[in-house]
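These are the residues of each chain, in order.
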Amino acid sequence: VTSGAAGSSASRFLNGARSLRTRLLVAFVLLGVSTAVLVAGVDYVQARNEILQRTQDAAVRALTQRIDTLPLVGAWPPGQAELDGIAGQLSGGEDTAIVVYGDRRSRGAPGQGRDPLPGELRLAVREGNVAWQRVLVQGHPVLVIGTQLRLVRADRAAPVAGLEIYSVHGLATEEHSIDQLATWAWLTGAVAVVLAVLLALLAGRGVLRPVRELRRATDRLGAGDLGARARVHGSDELADVARTFNDTAATLERYVGELRRLESEARRFVADVSHELRTPLAAMIAVTDVLDEDAQDLPGDAGRAARLVSEETRKLTRLVDDLIEVSRFDAGSAALALDEVDVADAIRATLRARGWSDEVRTDLPDGVLARLDPRRLDVVVANLVSNALRHGGPPVCVQMHVRPDGLDIEVADSGPGLAPDVLPHVFDRFYKADTARARSEGSGLGLAIARENARLHGGELTAANRDPAGAAFTVHLPRGAREPGDPR
Amino acid sequence: MTGRRVLAVLVAVLVVALTAGCGVRPSGVITGGPAPTRAVWGTVLYFLAGSTLTPVIRPTDRPVPTADTPSLPATGTPTLPPAEALTLLQGGPDSEEQAQDLTSEVPAGLDPVTITTDTSGGVDVGVSVDVTTLSPAAVDQVVCTVGDALPGTATVTLTGGAATRGPQTCPLAG
Chain A
1 VTSGAAGSSA SRFLNGARSL RTRLLVAFVL LGVSTAVLVA GVDYVQARNE
51 ILQRTQDAAV RALTQRIDTL PLVGAWPPGQ AELDGIAGQL SGGEDTAIVV
101 YGDRRSRGAP GQGRDPLPGE LRLAVREGNV AWQRVLVQGH PVLVIGTQLR
151 LVRADRAAPV AGLEIYSVHG LATEEHSIDQ LATWAWLTGA VAVVLAVLLA
201 LLAGRGVLRP VRELRRATDR LGAGDLGARA RVHGSDELAD VARTFNDTAA
251 TLERYVGELR RLESEARRFV ADVSHELRTP LAAMIAVTDV LDEDAQDLPG
301 DAGRAARLVS EETRKLTRLV DDLIEVSRFD AGSAALALDE VDVADAIRAT
351 LRARGWSDEV RTDLPDGVLA RLDPRRLDVV VANLVSNALR HGGPPVCVQM
401 HVRPDGLDIE VADSGPGLAP DVLPHVFDRF YKADTARARS EGSGLGLAIA
451 RENARLHGGE LTAANRDPAG AAFTVHLPRG AREPGDPR
Chain B
1001 MTGRRVLAVL VAVLVVALTA GCGVRPSGVI TGGPAPTRAV WGTVLYFLAG
1051 STLTPVIRPT DRPVPTADTP SLPATGTPTL PPAEALTLLQ GGPDSEEQAQ
1101 DLTSEVPAGL DPVTITTDTS GGVDVGVSVD VTTLSPAAVD QVVCTVGDAL
1151 PGTATVTLTG GAATRGPQTC PLAG
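Chains as they are written, first to last, in this note's numbering: chain A, 1 to 488; chain B, 1001 to 1174.
Bear in mind the hints are in silico, worked out from the structure with no lab data behind them.
Since this is a predicted model, take the numbers as computed values, not measurements.
Glycine included, every Cβ here is placed at the ideal spot set by N, Cα and C.
Be careful, since some hints might not be right.
Partial chain A-side listing against chain B, Cβ under 7 Å, derived [said to hold, decoys possible]:
#	residue
1	76
2	129
3	130
4	132
5	135
6	137
7	138
8	141
9	148
10	151
11	160
12	161
Listed next, the stretches of chain B that the computed footprint assigns to chain A, with coverage defined by at least 3 CB atoms under 8 Å from CB atoms of chain A [to be verified]:
#	region
13	1036 to 1043
14	1049 to 1058
Please put together the full structure from these sequences, using the hints given.
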């Protein structure tokens, strides 16, 4: 359709009639109007032509009959009085006769100075035939019939002489009838248009209701309601669409359910494995403690091996602990144990417990109290600081800022900072920023756990680069964390 | 066909139908059957209206339709014989005809007249005056009057005074 300017403007027109309802309405009205015009118009024209033809034929017949019953012509050529006399006898009713002989004609002809006799009609009459023509005289249609009255002698074929006789027949009655026909045709058209509009609205409703329902179901599905289904009406194309939609939604629901099941199974598996590992690890830790004590007494390789086993066992324990922690978050079973905490004290206690007090500079305003889970705050700060010490450069600095809506705890280092492609993934589980370093001190879950903890408090953990160098992790905690199930 | 073109055609049809179709429109000339004729009963003379030959009918006694012959008889003597017609022609237009400005250029004194007919429709009219003195209009008047009074006439020749005019045909014939 869209070829050239005409095509593009046509599609513009169709786009302009945006809604389906409007387009249906336009199509129905066009159909109604064109059908009405065709039917009423053809009827009208037929009836009009029939009326006119009957009238004309009747008028022509009447005129020739009157001419036939004219008294016989006496002396020839006729004088003016005779022309007037013949015209008088032929006139009557709606007819006015004009009798012409040579360049003389009967007096009292209508037309008031203007010749009502059309020239082409006179030419046709002189050919020797009866002829008639409709003309407008002062805006009113009249029928002008013309004929010769040819004089022949009884024993001759060729006419001796002749008169021209014209009859002007008014068509006012016929015009009135035809105008009434036109009025009826217009009324028919108007009724047809009204009907078309009603039918269009009806059809539009029939088509648009399923469409609307389908759209509503689609919206619900798009919003995540996988149980959304469209109602199927009847067995038309729209019902097919609704059925297809329902099938698609059902398939989607099944697959999503399957994926969720698999995911939860995988998580449960990790949780189960972590739990199962705990008991043997506890035993191993006990053994490595003993080994550690004897390690310095063991010679050479045996001592190094003992220290290695001890170290790796501790890492494994940390990894398993972190996995169990993450599993709790995934299962939604992590709970806050809130307490009124002096935040600065809590942070300093964390640093002191890990032995980082000398390495880390602090800027912590005293006396800031907040309702927090102290264990989780400890985990967050410890993970962030250990991350900064491991990956960032010294000095590492912990700052606290009191904001109107809560408080920010910022852990900043002065290292190279985070690469732009690392930044979006820094909280991903087991994400290794430095791929060259296959193993690291941490479990790879520290930042993820820190963020889950911040979120559990209704806060957020964000990472950014500092000016001029270094990375900064900021924990935002709203003032007074919400108790689970306590919408404050 | 694009939607726009369909629309244009539709609109054009509507406009034409609505504007051109209403009311009683003037028509062209419609031609019917042949014009009616009327039998006349009389002698036809040809006089002049100005310089134009014009037929004039002098009614003869008309047979009255009877119960036996309800319509006009097709036979009989509807017209006077040519010699008598020429006599009437020499008499010139009567007062009524003069009132219509009819004149004649045929002089009196053509009589006695002899009419002879040959087999091929040629009519010879012998008159008592020198035909060279007759004006062309007068010759036409005589030729037409004789031709009209004598059925089957093809050409008419005027003879008189050792001269002839014609043979010629009536300019109004045909």
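Comparing the hints with the structure gives:
1. The beta carbon of residue 76(A) is positioned within 7 Å of a beta carbon in chain B (closest approach about 4 Å), and the interface hint is therefore held.
2. Restraint check, residue 129(A) versus chain B: the minimum CB separation of about 5 Å is within 7 Å; hint holds.
3. Annotation: residue 130(A) was flagged as interfacial toward chain B, and the flag holds, the nearest CB pair being 4 Å apart, inside 7 Å.
4. For residue 132(A), the interface hint holds, since its Cβ comes within 7 Å of a Cβ in chain B; the closest pair sits about 5 Å apart.
5. At its closest, the beta carbon of residue 135(A) sits 5 Å from a beta carbon of chain B; the interface hint therefore holds under the 7 Å criterion.
6. A hinted interface residue such as residue 137(A) counts as satisfied when its beta carbon comes closer than 7 Å to some beta carbon of chain B; here the least separation is about 10 Å, so the hint is violated.
7. For residue 138(A), the shortest C-beta to C-beta distance to chain B is roughly 13 Å, which exceeds 7 Å, and the interface hint is violated.
8. Annotation: interface hint on residue 141(A) holds; nearest CB of chain B at approximately 4 Å, less than 7 Å.
9. The beta carbon of residue 148(A) is positioned within 7 Å of a beta carbon in chain B (closest approach about 4 Å), and the interface hint is therefore held.
10. Residue-level restraint check for residue 151(A) holds (minimum Cβ-Cβ distance to chain B is 5 Å; threshold 7 Å).
11. For residue 160(A), the interface hint holds, since its Cβ comes within 7 Å of a Cβ in chain B; the closest pair sits about 5 Å apart.
12. Contact between residue 161(A) and chain B, as hinted, is supported at the beta carbon level, the nearest pair being about 5 Å apart and thus within 7 Å.
13. A count of 7 residues in the region 1036 to 1043 of chain B with a Cβ less than 8 Å from any Cβ of chain A is obtained; the coverage claim is therefore met, three being the minimum.
14. With 6 residues carrying a beta carbon less than 8 Å from a beta carbon of chain A, the region 1049 to 1058 of chain B meets the three-residue requirement, and the given coverage holds.
Hint compliance for this structure: hints 6 and 7 are broken, all remaining hints hold.
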